[in-house]
Every structure is written in structure tokens, then in C-alpha cells.
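There are 2 protein chains.
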Amino acid sequence: MGKVFVIGIGPGEENYMAPAAKEGIISSDVIIGYKTYIDLIRPFTEGKKVIDSGMKKEIERCNLAVDLAEEGATVALVSSGDPGIYGMAGALLEVKHERKSPIEVEVIPGVTAVSAAAAVLGAPLMHDFAVISLSDLLTDWEVIKKRLALAGEGDFVIALYNPKSKGRVTQIEEARNILLQHRKSTTPVGIVRNARRQGEEMVITTLEEMLTHPIDMFTMVIIGNSNTLVQDGKMVTPRGYHL
Amino acid sequence: MGKVFVIGIGPGEENYMAPAAKEGIISSDVIIGYKTYIDLIRPFTEGKKVIDSGMKKEIERCNLAVDLAEEGATVALVSSGDPGIYGMAGALLEVKHERKSPIEVEVIPGVTAVSAAAAVLGAPLMHDFAVISLSDLLTDWEVIKKRLALAGEGDFVIALYNPKSKGRVTQIEEARNILLQHRKSTTPVGIVRNARRQGEEMVITTLEEMLTHPIDMFTMVIIGNSNTLVQDGKMVTPRGYHL
Chain A
1 MGKVFVIGIG
11 PGEENYMAPA
21 AKEGIISSDV
31 IIGYKTYIDL
41 IRPFTEGKKV
51 IDSGMKKEIE
61 RCNLAVDLAE
71 EGATVALVSS
81 GDPGIYGMAG
91 ALLEVKHERK
101 SPIEVEVIPG
111 VTAVSAAAAV
121 LGAPLMHDFA
131 VISLSDLLTD
141 WEVIKKRLAL
151 AGEGDFVIAL
161 YNPKSKGRVT
171 QIEEARNILL
181 QHRKSTTPVG
191 IVRNARRQGE
201 EMVITTLEEM
211 LTHPIDMFTM
221 VIIGNSNTLV
231 QDGKMVTPRG
241 YHL
Chain B
1 MGKVFVIGIG
11 PGEENYMAPA
21 AKEGIISSDV
31 IIGYKTYIDL
41 IRPFTEGKKV
51 IDSGMKKEIE
61 RCNLAVDLAE
71 EGATVALVSS
81 GDPGIYGMAG
91 ALLEVKHERK
101 SPIEVEVIPG
111 VTAVSAAAAV
121 LGAPLMHDFA
131 VISLSDLLTD
141 WEVIKKRLAL
151 AGEGDFVIAL
161 YNPKSKGRVT
171 QIEEARNILL
181 QHRKSTTPVG
191 IVRNARRQGE
201 EMVITTLEEM
211 LTHPIDMFTM
221 VIIGNSNTLV
231 QDGKMVTPRG
241 YHL
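Respectively, the protein sequence lines represent chains A and B. Position one of the first sequence corresponds to residue 1 (our numbering), numbered consecutively onward. Position one of the second sequence corresponds to residue 1 (our numbering), numbered consecutively onward.
Next comes chain A alone, as it looks inside the complex (with noise of 0.2 Å):
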């Protein structure tokens, strides 16, 4: 009986995959992800079976890797930042525990796009936060609504994951009038695309200004709390220390 590794990248370069991440990949037979991410770890994957396919075939892509590990393989089912945040390692289990499935499971976490963003713009994520899917494929719309609402009262500092697609635009503006309406719209807002990997690019902004800057699905938004301040060009909220 094979094994799964559900393995998480990081960002995408080399210097932030752990090195759990890489022996992950180095141990297995067949490697399985979605093309974007398989381009980024070529340099450990030659000599091995690949397997890459499109988006929206997550439950394709975990029934795959259950088969190939049923036969004996070694699999490493590979996502981006890490898998246990809106990844694979959910549908993975899910899947298993359908199939019943005695295949073993491994789950390697990796750095998360948020701390990459994050990192990016200064430290935003100082004090307590939120992280809300701004995609609406898998959840009511009105559940994230309610969410955005309720972490707006709370004054949490929100990440925003998923906030725009080609097919989804008006997501990110109805978020941000929902925010409007818990904070002031000076509020600092972070825009990070490809945190931490090739082609980077921020932005500091406000939640008033924010939408005339380019969001799509490489990109992290990141808003402040009431406290959160822009200092020498970094997103910085306070956790309260006396200086």
C-alpha cells in the first residue's frame, strides 16, 4: 500500500520550500498538481512520472493520486502555499475517507500566501485576523457576505484569498462596501501579487482607493484594523506594545 503526500510549495521558488517539501517530491514516484505549480518545482521532478491538469479538477486530481497509491505508489499531490489553506489536503482526505481508503497520508505544510504577502507589505498581521475565500464556487455567496460583515464589526485585520477571477468581478467590490461600513475608508489596504515569487508586485492603498488598482487570482488583499497604520512605505499594524 502507497502513500500521499499532500505537499505545499510555498510561494513558488525554491528558497521558500521547506525541505520537507522537497524530499516530499524527491521520494515519490508520480507527482500530481496543477500545471502552474508543477512548472514551479521542475528542477526535482525529472525522472518521475508527472501528472499536470487544469483548474477545477481537485476531485479528479485526489481520486488520481488514491488510485495511484492503492497500486503502491509513492504520490505527491502538490499545491501552492500551503495545502491546508483553501488546498489539497482537505478533498485529499475527503476522498479517502469515501473510497475508505487505507492508503497512508502525509500532510507537509508550507508558507501560506498570506504570510508572503504579508512579509511583502510590512507586517499587517500583527494582531488578530480573519481569512475569508472571496470565491463563490463552493460557498453561498450570502455566507461570505455575513463573514465580511461580521469581521468588519470585530476589527479584525482581513485577508482576502480568491478576490477576483476573470469570471468573478464583482465580488471584491461588494467586499469592499460591506467593509465600508465598519471602517473608515482611510483604512490601509495592501494589494500583493506574486508574493514572494517571480514577477512581484504591491501596493499600499485605502479601502476607498483600492479598487482602481489590478486584483486577480495571483493577488492577496489584505486589509487593516483600526490601528493598522502605513509607516516609511510598510503595512504595519500595532499590537500594542509601549516603544
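Since the hints were made in silico from the structure, they are not lab data. Every residue, glycine too, gets a C-beta built ideally from N, C-alpha and C. Careful: at least some of the hints might be erroneous.
Heads up, incomplete: computed chain B residues facing chain A, CB under 7 Å, no partners named [to be verified]:
1. G90
2. S115
3. G122
Subject to a maximum C-alpha distance of 25 Å in a straight line, what follows is the list of computed DSS-like cross-link-like pairs (lysine-lysine) [claimed, not checked]:
4. A:K100 <-> A:K146
5. A:K145 <-> A:K184
6. A:K3 <-> A:K22
7. B:K57 <-> A:K146
8. B:K166 <-> B:K57
9. B:K145 <-> B:K3
10. A:K146 <-> B:K146
11. B:K3 <-> B:K22
12. B:K22 <-> B:K48
13. A:K184 <-> B:K48
14. A:K145 <-> A:K166
15. A:K145 <-> B:K184
16. B:K100 <-> B:K145
17. B:K146 <-> A:K145
18. B:K22 <-> B:K49
19. B:K35 <-> B:K57
20. A:K184 <-> A:K166
21. B:K35 <-> B:K3
22. B:K146 <-> A:K184
23. B:K145 <-> A:K145
24. B:K22 <-> A:K22
25. B:K184 <-> B:K166
26. A:K49 <-> A:K3
27. A:K146 <-> B:K184
28. B:K145 <-> B:K166
29. A:K166 <-> A:K146
30. A:K35 <-> A:K48
With chain A held as given, fit chain B onto it using these hints.
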């Protein structure tokens, strides 16, 4: 003029320390950090000036790092996990700003404790989640309680940092009681101590039973949302896929 790297070493063992973190340490002249974390990176500090300090000396450590960088040194200020999540990144940037210091600062993100704990438990963070510190040393307890209630109402998965220490024992009890007003007593709760490092221990329990298990400052507590399940001994929050 020198530089300060604010470095996240991840859970603590070398296999989860990103190459970027290791390189930051190796390229520094001086290493500053809380003693426990310094011990974890001892293999990379040979021949360097190492300054370890006790807890609750964060601002002192930041001032020292800025002093040394202003004298021309390259300084590694080391945190466990991710320095951008309740770590040293914010305090260092605040101190730099307060002192109008022209030193360069680079934040190197790491695998944060909630990612490490989630990987041990299975996949509890597959849906929107709130990260809340129960430490009221720097934050008013009323604010924390309000956030717990709102995160409970919003059906966020909830990750509790700093759940309990020798001098702070009642907060975790109050937090549980607040969440019991919004979640069933059977809601899965994962408790992980020393996630992904030596001495790792975990238990999956319920909101009803959670206080019967040991919790301390090396522990992360993750409370499921209304859909979180325990399957094959793993804690999984479904994303909503049709299997």
C-alpha cells in the same frame, strides 16, 4: 548602514526551515532571539555573535537589533513560526519608525503555527477562519471576547494562539463558553502541542470536552466550524466539493 532580517524559522526543526531563512541567518553577523528559538537554530550560528533573551523583552530586542544595524551589522532577529503573525516583524518596524532609523529591514516569512497544527490534525482550515490570540497582555480582554463571539457567529473555523500560560488560565475557559453559545458542544476541536517539532502531541476532542486536555503556551487550539468532521482520526473541514 546595516540591515535587519526578521526571520521566521517555522515550527523549529530544520526540515521546515526555508532556505531563505537559513541563508538569512548564515549571512548575518549577529543573531538575536528568544532563548528557546536560538537553541533550535544552533547548528547555523557557529562563529556568530548570539544574543538570547527571555520572553517579554521584545522591544529591547528590537532596539538592540536597530542599534547593531546602525553600526553596520547584518542582524538576524529570529522568531519561531512566521514573524509576521504575532511575531517580531511589527515591533521591529515600529521601533525603526519611532527612531527614524534608515536601516534596511527584510521580513522572511515562515510556516506559521496554525499551518503546522492543521497539518498534524488533518485539514481543519479548508474554509474561512479567524486567528485570535487569547493573550490579554497587550489587548483588552473585552476586545478579544467580542472577536470570539463574532467569529463564532460567523461560523469561522477558529485558531487560538497563546491559549493559556502559567499566569493566564481563565481565558481559554471563557473562550470556550462564548463559542458554546454559537456552536454545538460536539463541534470538533483539535489541540496540538509542539506541532511539527520534537515533542509533538495532538488530540482531537470536542468543544464540550476540550478543557479536560492539557493546554499551554506551546499549544495551538483549532475549533471547527459547523461542518467540520472527524474522519479516520483526522479533523477535516469540507470545502464543499461534490465527491
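Structure-based check of each hint:
Look at G90 of chain B: its Cβ gets to within about 4 Å of chain A, closer than 7 Å, so that hint holds up. Given hint, S115 of chain B at the interface with chain A, holds; its Cβ is 4 Å from that chain's nearest Cβ, closer than 7 Å. Nearest Cβ of chain A to the Cβ of G122 of chain B: about 6 Å, under the 7 Å cut. The hint holds. For the hint linking K100 of chain A to K146 of chain A, the alpha-carbon distance of about 35 Å lies beyond 25 Å, and the restraint is violated.
At most 25 Å may separate the alpha-carbon atoms for a hinted pair to count; K145 of chain A and K184 of chain A meet this at roughly 19 Å. Restraint check for K3 of chain A and K22 of chain A: satisfied, since their Cα atoms lie roughly 16 Å apart, inside the 25 Å limit. This hinted pair does not check out: K57 of chain B and K146 of chain A have alpha carbons roughly 39 Å apart, beyond 25 Å. Between K166 of chain B and K57 of chain B the alpha-carbon distance is near 18 Å, which keeps this suggested pair within the 25 Å criterion.
Restraint check: the Cα-Cα separation between K145 of chain B and K3 of chain B comes to about 39 Å, which exceeds 25 Å; the hinted pair is violated. Pair hint K146 of chain A plus K146 of chain B holds up; C-alpha atoms about 16 Å apart against a cutoff of 25 Å. Restraint check for K3 of chain B and K22 of chain B: the C-alpha separation of about 16 Å stays at or below 25 Å, so the hint holds. Taking the CA atoms of K22 of chain B and K48 of chain B, the gap is near 14 Å; set against the 25 Å cutoff, the hint holds.
Distance restraint check for K184 of chain A and K48 of chain B: the Cα-Cα separation of roughly 46 Å exceeds the 25 Å cut-off, and the hinted pair is therefore not satisfied. At most 25 Å may separate the alpha-carbon atoms for a hinted pair to count; K145 of chain A and K166 of chain A meet this at roughly 20 Å. Annotation: proposed proximity of K145 of chain A to K184 of chain B holds, straight-line Cα distance about 23 Å (limit 25 Å). Simply put, K100 of chain B and K145 of chain B have alpha-carbon atoms about 36 Å apart, too far for the 25 Å limit, and the pair is violated.
At roughly 19 Å between alpha-carbon atoms, K146 of chain B and K145 of chain A fall within 25 Å of each other, so this suggested pair holds. Of the pairs offered as hints, the one joining K22 of chain B and K49 of chain B holds, with about 16 Å between alpha carbons and a cut-off of 25 Å not exceeded. With a C-alpha separation of about 11 Å, the suggested pairing of K35 of chain B with K57 of chain B holds against the 25 Å cut-off. For the proposed pair K184 of chain A and K166 of chain A, the alpha carbon gap of about 29 Å is over 25 Å, so the pair is violated.
Annotation: proposed proximity of K35 of chain B to K3 of chain B holds, straight-line Cα distance about 22 Å (limit 25 Å). Pair hint K146 of chain B plus K184 of chain A holds up; C-alpha atoms about 20 Å apart against a cutoff of 25 Å. Between the alpha carbons of K145 of chain B and K145 of chain A the distance comes to roughly 22 Å, so the proposed pair stays at or under 25 Å and holds. The hinted pair formed by K22 of chain B and K22 of chain A meets the criterion: a straight-line CA distance of about 15 Å does not exceed 25 Å.
In summary, the hint linking K184 of chain B to K166 of chain B is not supported, as the alpha carbons are separated by about 29 Å, beyond the 25 Å threshold. The suggested pairing of K49 of chain A with K3 of chain A holds, with an alpha-carbon distance near 15 Å, which does not exceed 25 Å. Between K146 of chain A and K184 of chain B the alpha-carbon distance is near 20 Å, which keeps this suggested pair within the 25 Å criterion. Pair hint K145 of chain B plus K166 of chain B holds up; C-alpha atoms about 20 Å apart against a cutoff of 25 Å.
Proposed proximity of K166 of chain A and K146 of chain A is supported: the alpha carbons are some 24 Å apart, at most 25 Å. Note on K35 of chain A and K48 of chain A: the hinted pairing holds, with a Cα-Cα distance of about 15 Å set against a maximum of 25 Å.
Violation of the numbered hints given earlier is confined to hints 4, 7, 9, 13, 16, 20, 25; the remaining hints are satisfied by the structure.
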